[in-house]
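Asks: Now for the letters of each chain:
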Amino acid sequence: MKPAPFTYHRARDLDGATRLLVELEAREEDPKVLAGGQSLVAMMNFRLARPAHLVDIGRLDCLRGIHTDADGALHLGALTTHHQVERAPAELLGRGHAVLRDAMRWVGHLPIRTRGTVGGSLAHADATAEWCLLATLLDAELVVHGGGGRRRVPAAEFFLGYYTTALGADELLTEVVFPREAPHAALTEFAQRHGDFATVAAAVDLELAADGRTVCGGRVALGGVAALPVRVPEAEAVLARGDTAGDALFAACGQAAAEAVDPPSDDAGSAGYRRRLARTLVVQACEEAFAR
Amino acid sequence: MSPTEPHEDRAALVGTSTRRREDPRLLTGRGTFTDDIHLPGTLYAQFVRATVASATVTSLDLSAVREVPGVVAAFDAADLALGDITARLGRPAAEFVPTSMPILARDRVRYAGEPLAVVVARDPYAVEDGLEAARVSYAPERAVTSDTEALAPDAPLVHAEAPANTLLDVSMFATEGIDDVFAEAPCVVDVSVRTGRQNALPLETRAALAAWDDREEQLTLRTPTQVPHQVRTVAARCLGLDERAVRVLVPDMGGGFGLKCVVGREEIAVAAASLRLGRPVKWTEDRKDALTASFLAREQHYEARAAFDAEGHVLGLDTDLICDMGAYSCYPFTAGIEPLMASSEMPGVYKVPAYRVRARAVTTNKAPSAPYRGVSRPQYVMVVERLFERAARELGIDPVEIRRRNLITDFPYTGVNNVTYDPGSYLESLDLCERTLREEGWYARREEAAAEGRHLGIGYACFSERTGYGSTAFAQRKMEVVPGFDIAEARMDVTGALTVSTGTMSHGQSHETTMAQIAADELGLDLARVRIHQGDTDRVTYGWGTFASRSIAVGGSAVRLAAGKLGEKLRLLAASRWEVAPDRVELGDGRARNADDGSTLSYPELAEIAYLKSHLLPKGVEPGLSATASFDVFNDGTFSNATHGVVVELHEATGQVEIVRYVCVEDCGVAINPQVVEGQCRGGIAQGIAGALFEEITYDAQGEPSATSFMDYRVPTALEIPEIGIAHLETPCAFTETGAKGAGEGGTIGAPGAVLNAVNDALRPTGVELDQTPITPETVADALERA
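Residue numbers (the numbering used here), protein chains in the order written: chain V, 41 to 332; chain D, 433 to 1219.
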């Protein structure tokens, strides 16, 4: 469990990092970006990942931090750690984005959260990762720097499959932007052990009418039921019916989600079990989102 | 008061929760584990391991390995030409087939992960680069991956010399008329239980650091082992050295749990490589190898039935059990370790009048099995406890009451299994456990939960655990190498400080504290003036090490005897100075006291005479202050006992089993240090819960291990293990020197059965019963869904 030989590069600034990535990629040298290393280093130690070059962006402080822009969009630098989000003060991360803070308790264990980064998790694209699910649920945009300049990729176009994203090998994920507030959103999941990747994870974002009781729409996203985090339009259609929030509506939403998905079977759970988990977790996420 | 008892004005340390003397260094990161030791010029070793489960090796080419930058050497079996490790039992061929485990596989591999070659390099990275350059060609054969496959008529043979892939097959205790008992019994219940393969999972993986010492003409082998002298014996034999020329040193150990009480092949290969190269060679097993290629345990299959009369008295027990022992017999216990433990002990705490058992060890293409904390007892206790639960249901008797009617209450009791049980508190522990759960309101809460459609269940397991096996008991197992005694040497220096060297080997059991408590009490010394020295084969003539909950019962007795002998010498010295009879001398408070006139001589004063003023010694008394004593048990051993009571809630949506209350009422005789005993209980229970609900070493159809990291091998964390309530009862052992019984394994033994019974109690309305571990959330969710 020691990595294969590789060349280590420490990037000093963003341009230097992208230039290096472009160069290495042009020479087909197989570069890989190192951020918190919580997935990559473990994979390298198993020699499941064998990048010839590691570009360490850990010193790029410009990629660290949380701020809200004039349009009310929340920006998270790619190197912001899970723990920084979990502990972000209210002036940085307001009520409208509390779902992000609360979701962090599901990310691994404390030592992982203090090193692992938001950008690293998104770029790694595990189908059950909390950030991937949140980005999908909340229409986040992923800001990417590379040889072709800077571009913004909507989450819906970013995740392509198991550990596969729209990020080019010469590109660097620098920021994720959550364009709007989601005051009635929640994420929940199930794994047999604390800190494990979820068997199934569910996230819900409710739109409430002015009366605070009528659900006039919403979004439902699931992780662990497909190769990438998915929105579930069938369940969202239930939320769009304009019903009053409550057990009946949430149960219908969960049921619709369970019927809509076609999960895989593996050691962590059969398709049928994952479908039942999806139903339960969607209901639970609806309840938590409404209770906010 | 006997002359050797401590002076009355000094409170006894035995029985108190003295702080662990190991903790200051371990908790501040100043422990020294094998991997922490850096000798100048050390090279690093890892192993080329088989990637298929069963194959003939058609070629093994290490030439490219030797070209890898940083690689110093690569050796295969032919290069090292080492003797095999062969564990034997003194049983006829029809009962036991000995099989040899080569240090490095030669032409045949029998499990994925089997070592084929050792690669040595200048750093731990280069050595793994070297492994990748090995070229191995296999002619794969069909792998045998389960007991069912192993016993199938057309099964390939894992060892040509073992027909039907059976290494051990014994039928025992067939009580006359047992068939009639079952034919005529008003109630017969049966159960089919399978338990998953597990890894004992010490936090510190296996390791070895070998170096030849030219000055001592001796190989020094540092390795975390529970059995230092046995490693010395095997290493010397395999390497063709005198035992004198091998010194095994054991640094701090991060657990063992049985996995480290057998002799592995890697430490021998590392020693051989070091001798070849004339340089220190270190091997630290990585976690992947630890999970897939070390020693495993616990994969068993029981078909069992029990007969009861209408009042719930058990009439007979009839069992066919098969243990999947993997590819090789472990040394020294052999593949018989699990089946022989199960078959000889299964009637356990109950008055079973008729018993029949067939016990088999089958060999399969998986990493071999070794003892793991509890050895078979977690499994057979689960089976027996399931049978009692079923009988209770069938007969409409309360599950606690049916146990009460069958527990052994008159001691000593000689069972149908020819084992004599010394006194214990079987009934008392069950009563207290049940009363605790009742008084805490769990029975009422179970009713309330049922009314609300929730699933709360209560389960128990009662058991006793034979500890302090002596040579007599091991000889009954017909082991060719017969453990049993242990030796301690007590030595007092010129300043009156005491060092006691033991043949036992603490790997987390706090012997530096508990053994010191025993020795300090015996001589009336401050704890701070006592050191326990262990893990050095040059310090003690021979010791059997730490396993089978033997250390306090056997080793602790030897410590007390050695300290007592030293006390006799101190008494003799003092008596000669005062010109009184030795029985007029009392020892205590760090001094000898003249009972006639109250005058005293401190231990340092006596030690000064023994070492620096030996001209003052009485005639016939040798200089120096040291004494060696051994202790053995010449009967069936001493039985600790406990009842575990568990309350679980099953979560319908996820199938998660939540343990909402855990109560353990245990009796290990005199608890030398109650806090240490509690630590042993908690750790053991955690491992028992792990087996019941979480962990399983799995393989695909080709025998390839599929749990290669902690993502797949689901060891529970502190967050999954509940608070555990522990109550102590004390039935002192009559024949150990301290009244103590063993306490190392009990926790693991009670937990799986109690948890399984609680889950099944909660599932009662569904009609589903689960008899296979680990119980996964999905299984529970399925059961609840079907209801």
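Treat the hints with care, since some could be wrong.
In silico DSSO-like links for lysine-lysine, alpha-carbon gap of 27 Å or less [said to hold, decoys possible]:
id : chain 1 : residue 1 : chain 2 : residue 2
1  : V       : Lys72     : D       : Lys720
2  : D       : Lys1001   : D       : Lys910
3  : V       : Lys42     : D       : Lys1051
4  : D       : Lys997    : D       : Lys1051
Keep in mind the hints are simulated off the structure, nothing from the lab.
Quick caveat, the model's predicted, so the values are computed rather than measured.
Asks: Could you work out which earlier hints the structure fails to respect and list their numbers in ascending sequence?
Replies: 2 and 3
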